[in-house]
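Residue numbers (the numbering used here), protein chains in the order written: chain A, 1 to 115; chain B, 1001 to 1110.
Mixed in with the good hints there might be a few duds.
For lysine to aspartate or glutamate, the following DMTMM-like pairs were computed, each having C-alpha atoms within a straight-line distance of at most 25 Å [claimed, not checked]:
#1 A:Lys102 to A:Glu66
#2 A:Lys102 to B:Asp1071
#3 A:Lys58 to A:Glu101
#4 B:Lys1080 to B:Glu1026
#5 A:Lys69 to A:Glu101
#6 A:Lys68 to A:Glu88
#7 A:Lys69 to B:Asp1071
#8 A:Lys49 to A:Glu101
#9 A:Lys102 to B:Glu1059
#10 B:Lys1080 to B:Glu1059
#11 A:Lys58 to A:Glu71
#12 A:Lys102 to B:Glu1022
#13 A:Lys49 to A:Glu88
#14 A:Lys69 to A:Glu15
#15 A:Lys58 to A:Glu88
#16 A:Lys49 to B:Glu1026
#17 B:Lys1079 to B:Glu1059
#18 A:Lys102 to B:Asp1085
Away from chain B, derived, C-beta distances all over 10 Å, residues of chain A [to be verified]:
#19 Lys58
#20 Asn61
#21 Glu66
#22 Thr104
It should be emphasised that the hints constitute simulated quantities derived from the structure, not laboratory data. The C-beta atom is built at its ideal place from N, Cα and C for all residues, glycine as well.
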Amino acid sequence: AQSVTQLGSHVSVSEGALVLLRCNYSSSVPPYLFWYVQYPNQGLQLLLKYTSAATLVKGINGFEAEFKKSETSFHLTKPSAHMSDAAEYFCAVSASNFGNEKLTFGTGTRLTIIP
Amino acid sequence: SQTIHQWPATLVQPVGSPLSLECTVEGTSNPNLYWYRQAAGRGLQLLFYSVGIGQISSEVPQNLSASRPQDRQFILSSKKLLLSDSGFYLCAWSAGGGYTFGSGTRLTVV
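Make a model of the complete structure from these sequences and hints.
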């Protein structure tokens, strides 16, 4: 079974500051990990995914995440926050990357950008 | 290209009324289909998934049901809505290339 824990349901950062959204996972098999972004009243958009290749994964909109097995973490970062980054972010885990495995989501982190 | 359509976008229904939400996928064959619900402060919860026509798996016991009458059609239903059914419902599909989500339906039961 897989699960993810997102630390911090709300995170606020100033425009131009570092964004750090935390995600820890639990998995009985090698995990595949994902970050999704959701804008108000919209579906989820894939930011990036880890598929057991490079541990540092680069995604869209300047985001990246690093898979750390020793810490069971997959934190999402962006060097400089932009107002358009304000949204809700979800970390998710599955047992494969084939897309046929069920995704298990964290409870989400709402990111607010302070002008 | 693959697209996913979900409707309606918003819905307000009285307690005890029936529900039917529809999701259709274009540009792919034999996708896996999913219904998720997002309740305030609770993240996304998988409700149902389907690996083929007529094949439905339920993840949690609830007041809802799902059906897949055609390969690329997935329907979420209820005979009698409860207040606790309020939430944001998302349909998704996967076919070996990751998940694609619909734009969601905001359901408010009053």
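Evaluation of the provided hints:
| no. | hint | in the structure |
| --- | --- | --- |
| 1 | A:Lys102 to A:Glu66 | holds (22 Å) |
| 2 | A:Lys102 to B:Asp1071 | holds (19 Å) |
| 3 | A:Lys58 to A:Glu101 | holds (23 Å) |
| 4 | B:Lys1080 to B:Glu1026 | violated (30 Å) |
| 5 | A:Lys69 to A:Glu101 | holds (21 Å) |
| 6 | A:Lys68 to A:Glu88 | holds (23 Å) |
| 7 | A:Lys69 to B:Asp1071 | violated (38 Å) |
| 8 | A:Lys49 to A:Glu101 | holds (14 Å) |
| 9 | A:Lys102 to B:Glu1059 | holds (10 Å) |
| 10 | B:Lys1080 to B:Glu1059 | holds (20 Å) |
| 11 | A:Lys58 to A:Glu71 | holds (19 Å) |
| 12 | A:Lys102 to B:Glu1022 | holds (20 Å) |
| 13 | A:Lys49 to A:Glu88 | holds (17 Å) |
| 14 | A:Lys69 to A:Glu15 | violated (31 Å) |
| 15 | A:Lys58 to A:Glu88 | holds (19 Å) |
| 16 | A:Lys49 to B:Glu1026 | holds (24 Å) |
| 17 | B:Lys1079 to B:Glu1059 | holds (19 Å) |
| 18 | A:Lys102 to B:Asp1085 | holds (22 Å) |
| 19 | Lys58 | holds (16 Å) |
| 20 | Asn61 | holds (17 Å) |
| 21 | Glu66 | holds (20 Å) |
| 22 | Thr104 | violated (8 Å) |
Against the hints set out earlier in the document, violations occur for numbers 4, 7, 14, 22.
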